[in-house]
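J.: Chains as they are written, first to last, in this note's numbering: chain A, 75 to 416; chain B, 77 to 359; chain C, 324 to 644.
It is worth saying that the hints were derived from the structure and are not from the lab. One or more of the hints may lead you astray.
Said to hold, decoys possible - Covered, in the sense of this in silico footprint (three residues per stretch, anywhere, with C-beta under 8 Å from a C-beta of chain B), are these stretches of chain C: (1) 349 to 355; (2) 361 to 375; (3) 385 to 397; (4) 434 to 443; (5) 488 to 502.
Just so you know, even glycine gets a beta-carbon here, dropped at the ideal spot from N, CA and C.
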Amino acid sequence: MKRIAGLAIGVLALCAIVLADNALLINGAGATFPYPIYSKWFDVYHTNNPNFQFNYQSVGSGAGIKQVTEGTVDFGATDGPMNDDQLKAYQDKHGSGILHFPTVLGAHVPTYNISGVTGALNFTPDALAGIFLGKVTKWNDPAIAGANKGVNLPAADIVVVHRSDGSGTTYIWTDYLSKVSDEWKSKVSKGTSVNWPVGLGGKGNEGVTGLVKQTPNSIGYVELIYAVQNNIPYGSVKNSSGNFVKADLASVTAAAAGAAKQMPDDFRVSITNAPGKTAYPISSFTWLLIPQKFQDAGKRDAIKGFLKWMLNDGQNSVETLSYAKLPKEVVEKEKKAINSIQ
Amino acid sequence: MNGRLRWRKFVSNFMLAMTGVCAVVSVLVLFFILGYLLFNGGTSINWDFFTKLPKPVGETGGGMSNAIVGSGKILLLASLIGVPIGFLGGIYLAEFSGKGMASVVRYAADLLNGVPSIVIGIFAYSLVVLPFKHFSAYAGAFALGMMMIPITLRSTEEFLKSVPRMLREGAMALGASKWKTIATVIVPAAYRGIMTAILLALARVAGETAPLLFTAFGNRFESHGWSQPTATLPVMIYTYAVSPYDDWHRQAWAAGLVLLGLVLIINIMARTILSRGIAVPRS
Amino acid sequence: MKSAGPVSGSRSFLARLRNGDEIVRLITLIFAATVVLITAALVWELWANSALPRQKFGFNFFVTSVWDPIMDQFGALPFIYGTMVTSAVALVIAVPLGIGAAIFLAELAPPRVSDILQFFIDLLAAVPSVIYGLLGVFIVVPLMRTVIYPALNKPFGYLPIFKGPSYGVGFMTAGIVLAIMVIPYIISVSREVLLSVPRDQREAALALGSTRWESTWKVVVPFAKTGIMGSIFLALARALGETMAVTMVIGNTPKIAASLFAPGYSIAAVIANEFTEATGDLYLQSLIALGLVLFLLTFVLNGLARLLIVVTTQKGSEVGG
């Protein structure tokens, strides 16, 4: 028994010594929406700067907001900006504020799994609201079929898939639905976790994509890259000008054009249902939540360094993963804002 | 009368055969699980799996080296927390305590044993993560360690109590003090049973996922030291399994195979130790 | 057994401390007390950190079915319902199979075969729950969609429990996975209990002319009835607390539905999914309140189970044989 105990202590000590390393670990958690680009960025950044390890856990915007407020992670990430109550809660708890930094632009697409349908369906705002409210229950309902003449839609029940966790993607999706449907606004409203009328819950963008992929006749909402990487079809959505627009770099950039010029100082802005002939109506920024004041100077400098890199080199790799670059005006504004991190 | 007897005999043979079917089906499930994991996981296990870190989302390849090390670290620390408390507490119950205190401790241990693992996770989060303001390996180890305590405690008590009185009385007759008797005679006699219990407790917590969700959290890199978020095998399996990426599914199977293999090996080891034991009853 | 020193009661504390026995006694006492402390702290934390929903909703918390974080409305009913339904489905499948297997192992199989099979059953109990979840997602869910649902819905679709579309995930899928997880508990405990039934019970029945099956089913099993009930309670407690396997296959929908094919939610699953992101004290404490409910349920069931099992095995040894 003594020998085992001695061995165990020896191994422990060995672990602590051998694996002790000079790399600074910075922990973040939050949105699954930008996880593909964040994981790529942090991987590249670590290769270029081996002294810094950014550990980002894709647990959903809700958890990102909560954990950065609790202080258990160094930074958060969300596609649903913190509301005033949440900002106040952070301020009360830490004595200083928290800043939003947009990182990329992305699109939330309606993705589906219908046997025999491989192309892009057209969805009107009414159709989307109806489906997610549980009022449009079959794929061949006139609300859907009317916009998709010539497509053979089955008379099958629609399986709705939504998020089971607190999600910025949900926030953007419900923000859009609240804008285009009064019934949605009054019945469900917008938020990171809502009382869904119908549907299955999947964890993260990953979980929703997984469920849609496996469940026949299902529809879910995910970030564009998840649909692309997994080869599942996604539809076009009718924008405020009346055009059916498919999500891509151009249409998402068009959606942000107006907001770019009028970006508020705290960067919290909604670009759903944006005006513009070619704008994709369910686009959004996604933000990193960075505390204004850091106790640890090392972590502060590491994060500032990353942000600067992200705004320059980082932006060059986003398009390969189907995210759109930040507008130039926003980048300039953010660079100035980095200086306010103490 | 003959006809009725024949019917009853037929029913008897039929029902008994059905019970045989039930038993065979239940055992077959185990082999099915093993076989399925071997098939899906075996083809995915390669050297990379054990040595590489996870790759960014959507890219194929990479491995779970950080999760394997992370699980190992957390289990080691959990044992260092749970085993001494359970073992020494069990000694107290078997050798020193009065009836009142003994029943209180036993009751508490049984209560702790029945707590659902997710609730243990909540407890560890409030106690260890929030005050220290980070997710950490030791928070995860605390949660798992607590789960090991009841099994270790009860088994230690049972096995110590079952050591024949002869041995105790012999030692005392030779003038040994109580604690010397315990340390040099009684515990060694019950050693096998206690080792078995510790191994079984370890195997049980090795597969636990829920308590680690809010304590060890997760890490894309290796975690150094004990106070950083740590990747673990069960949580990786969960994350990869519910994702849409086929490559992640492949890795989840491989990880499942490794985890199941680990748990089964510990179990078989434990039960073999026990069956070769001397005069100690089965738990 | 207190310390065996001749004048232990009359010496002062410090003097006693020099006695090695006292030191060891104190050390082990501290560790034993730690166990009590930890458990007490756990229960206290659960109770104290779920005060808000108790104050705000009172008893209504248990009967409201709305779970709306935006409106700060939290009702536990869908989760209690889901936990109950999945466990019930699990038991309906596992109990007949488990008792059948236990009867075979205790009554029919030669001792060596019985021991070997029991060994494998014990290994089945050791399989981690996330692995069951893995198998659930990739095997049971497609099986449900392609085989089980058509088999039950076509002939029996008019029954409320078999109505409606199939999603693959749902109450029944979770119930099936849970059934596989709890069968080993039913088998091992029932087998022990059946083995402890005194031989003369069986022999008396056989002597009176009953067949093997009749003596088993009509004499031995009823004798062990309470112990078998205990094993079922144990299995139920296990099923109630199961988190990972359930959240991967239940559909994560906080709704009450009559159909077993509908998606649902369980207490453990909602805590796992929403705990790290519950912003706002009421939200977080409502989740902790759910944890408290689950804890109380499993506590009561485990206690009952133990009682029943002990009573039965004692009965066996009392009646003699």
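J.: Against each hint, give a clear statement of whether it holds in the structure.
T.: Hints and how they fare:
1. Remark: the segment 349 to 355 of chain C is confirmed as covered by chain B, as 5 of its residues place a Cβ nearer than 8 Å to a Cβ of that chain, reaching the required three.
2. For a cut-off of 8 Å, the count of residues in the segment 361 to 375 of chain C with a CB near a CB of chain B stands at 9, and the three-residue condition holds.
3. Given as covered by chain B, the segment 385 to 397 of chain C fails the check, having 0 residues with a CB less than 8 Å from a CB of that chain where 3 are the minimum.
4. Using a Cβ-Cβ cut-off of 8 Å, 3 residues of the segment 434 to 443 of chain C lie near chain B, which meets the minimum of three, so the contact claim holds.
5. Proximity of the segment 488 to 502 of chain C to chain B, defined as three or more residues with a beta carbon under 8 Å from a beta carbon of that chain, is not established by the 0 residues found.
This entry does not satisfy hints 3, 5, going by the numbered hints stated previously.
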